[in-house]
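Protein chains: 2
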Amino acid sequence: MDGDDKNMLQLYDLAGANVDLRFSPHCWKTRMALAHKGLQTVYVPWRFRQKDSIAFSGQGMVPVLVHDKQVVSDSWQIALHLDRAFPEHPLFESPAALASAHFVNSWVDTVLIPLVASITMLDVWNILHVDDKAYFRETREKRFGTTLENLTADQAGNIQRLRQSLAPLQRTLRQHPFLSGETPAYADYSVFGVLMWARCCSGAKLLEVGDVVYAWRERLLNAFDGFARSAPCIECDC
Amino acid sequence: MDGDDKNMLQLYDLAGANVDLRFSPHCWKTRMALAHKGLQTVYVPWRFRQKDSIAFSGQGMVPVLVHDKQVVSDSWQIALHLDRAFPEHPLFESPAALASAHFVNSWVDTVLIPLVASITMLDVWNILHVDDKAYFRETREKRFGTTLENLTADQAGNIQRLRQSLAPLQRTLRQHPFLSGETPAYADYSVFGVLMWARCCSGAKLLEVGDVVYAWRERLLNAFDGFARSAPCIECDC
Chain C
32 MDGDDKNMLQ LYDLAGANVD LRFSPHCWKT RMALAHKGLQ TVYVPWRFRQ
82 KDSIAFSGQG MVPVLVHDKQ VVSDSWQIAL HLDRAFPEHP LFESPAALAS
132 AHFVNSWVDT VLIPLVASIT MLDVWNILHV DDKAYFRETR EKRFGTTLEN
182 LTADQAGNIQ RLRQSLAPLQ RTLRQHPFLS GETPAYADYS VFGVLMWARC
232 CSGAKLLEVG DVVYAWRERL LNAFDGFARS APCIECDC
Chain D
32 MDGDDKNMLQ LYDLAGANVD LRFSPHCWKT RMALAHKGLQ TVYVPWRFRQ
82 KDSIAFSGQG MVPVLVHDKQ VVSDSWQIAL HLDRAFPEHP LFESPAALAS
132 AHFVNSWVDT VLIPLVASIT MLDVWNILHV DDKAYFRETR EKRFGTTLEN
182 LTADQAGNIQ RLRQSLAPLQ RTLRQHPFLS GETPAYADYS VFGVLMWARC
232 CSGAKLLEVG DVVYAWRERL LNAFDGFARS APCIECDC
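Residue numbers (the numbering used here), protein chains in the order written: chain C, 32 to 269; chain D, 32 to 269.
It should be emphasised that the hints constitute simulated quantities derived from the structure, not laboratory data. Remember, it's a predicted structure, so these values are computed and weren't measured experimentally. Any given hint might turn out to be false.
Put simply, identical chains are the same to the list, so a pair is met inside one copy or across any two.
Restricting the straight-line Cα-Cα distance to at most 25 Å, the calculated cross-link-like pairs of lysine to any residue (SDA-like) are [unchecked claim]:
hint, residue 1, residue 2
1, K236, G257
2, K173, R202
3, K173, A198
4, K100, Q41
5, K236, T141
6, K236, V142
7, K82, D185
8, K68, L111
9, K68, S125
10, K68, P126
11, K100, N38
12, K173, R192
13, K236, H98
14, K82, D105
15, K82, I190
16, K100, L252
17, K164, P263
Bound conformation, chain C alone:
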């Protein structure tokens, strides 16, 4: 940041009962994007019921990025903003790469997140601050049309369905080290953010150790000096 206020970055970031546990899939997309750009950022912990503290963004969800005097919400919009404001180390290498990364991100949001939710949603509820638990249960049970317990009851079946859905990822990663080619970029962080959500909250083994997606996740856990691997999570008992 070079002490320059114009590059002052703050990210409002979902936290659990343990304030160091940062687990939102969408916040993790943004965290990786900020690490990719090498941008120092002040991470501001935020909980679901603290709507007032992000009312300035005109909506009630995180991530919210504050960059100088600009406020950007929604992880996809934040990624676009970062490439405009900090063109070095692009998250989207070309206009075609951007549009296809949008497809990947849309697949993540409509296919991958519901499948991972069917495995981890009760684990997520478990790590929440007590002030957030009732809100989370009510909104998510309405969204999924069933209790968190019912949603996640068939762990083996839900893990099998998740693994079946990974075929497009597996085919791509057999030919390319990353979804963005030789080096990772936003398409990778979009998928990886969802796996970090599970890693932070849940002991469920989503991936088989021999899977090409497992190896790709390892590479991203190690990226940026182990930025994601060193994040507090359930798996590592921190």
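Based on these hints, arrange chain D on the given structure of chain C.
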């Protein structure tokens, strides 16, 4: 082709009982790629049982591209070959665009094709040459684990499941005219090829008229002077 034999292109292309009916989804991916490059091509009609006539390719499926002395099978490999051999008008704008287009193509092959097959497979059988019908039924009923009639019995339900699967496409096409950005490229042709397969063989209405995917398909039907729109198909009673 400028009369230059080095640029002589032949594509072995799946045909129906009506030899002008060319309907393979993978051949359509390649047809659009060739049109995108502006490459004149001799299309050689081929049927499922004519394995001998493409034995020179070392395998038994189309598309097979013969370019000068080179033989390339598999639509994805053909696309890579075309960008190497004819760099103008790239199908993949950048290495990141290529990797993300590979994800789109993998989603097409593992998600979209099985869903469209569950609607159109009996229609495909109907337009085949009599020599191909038994082979097609036997291999496809083995692949799907059921008869063509059972596979396609629940048309309304299968169309609904297909439309639900289009969410990643819809979200992307609300923001970009094409999956490849401002102009179409291989990621678009990959999805479009599957819709051409259905259009050529089946009267089923896969897309809602107001859908952003419908409007995008219209743009691709009109591309290259209506190359795809003018192709013989069931829908147009040709």
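Query - Same-copy or cross-copy closeness of K164 to P263 [CA-CA at most 25 Å] - result: Intra 20 Å, inter 59 Å, cutoff 25 Å: intra-copy only.
Query raised in the report: Given identical chains, is K173 near A198, meaning Cα to Cα at most 25 Å, within a copy, between copies, both, or neither?
Result: Result: close only across copies, 21 Å inter versus 30 Å intra.
Requested in this report: Give the relationship of K82 and D185 under a CA distance limit of 25 Å: within one copy only, between copies only, both, or neither.
Outcome: Classified as neither; 33 Å inside a copy, 46 Å across copies.
**Report entry** Homo-oligomer pair classification [L252, K100; C-alpha up to 25 Å]
**Finding:** Result: close neither inside a copy nor across copies, 32 Å intra and 46 Å inter.
Requested in this report: Could you figure out if K68 and S125 sit no more than 25 Å apart (CA to CA) within one copy, between two copies, both or neither?
Outcome: both (16 Å within a copy, 20 Å between copies)
Query raised in the report: Between K68 and P126, at a C-alpha cutoff of 25 Å, which is it: within one copy, between copies, both, or neither?
Result: Answer is both; intra-copy 18 Å and inter-copy 19 Å each pass.
Report task. Could you figure out if K173 and R202 sit no more than 25 Å apart (CA to CA) within one copy, between two copies, both or neither? Result -> between (35 Å within a copy, 23 Å between copies)
Query raised in the report: Taking 25 Å as the upper bound on the Cα-Cα distance, should K236 and H98 be classified as within, between, both, or neither?
Result: neither (37 Å within a copy, 47 Å between copies)
Query raised in the report: For K236 vs V142, is the C-alpha pair at or below 25 Å within one copy, between two copies, both, or neither?
Result: This pair counts as both: shortest intra-copy Cα distance 18 Å, inter-copy 24 Å.
Query raised in the report: Is it within, between, both, or neither for K68 and L111, if the alpha carbons may be no more than 25 Å apart?
Result: within (13 Å within a copy, 30 Å between copies)
Requested in this report: Indicate which option fits the pair K173, R192 if close means a Cα-Cα distance not exceeding 25 Å: within, between, both or neither.
Outcome: both (22 Å within a copy, 22 Å between copies)
Query raised in the report: When no copy is named, should K82 and D105 be tagged within, between, both, or neither for a Cα gap of at most 25 Å?
Result: Answer is within; shortest intra-copy Cα gap is 15 Å, inter-copy 53 Å.
Of the numbered hints listed earlier, those contradicted by the structure are 7, 13, 15 and 16.
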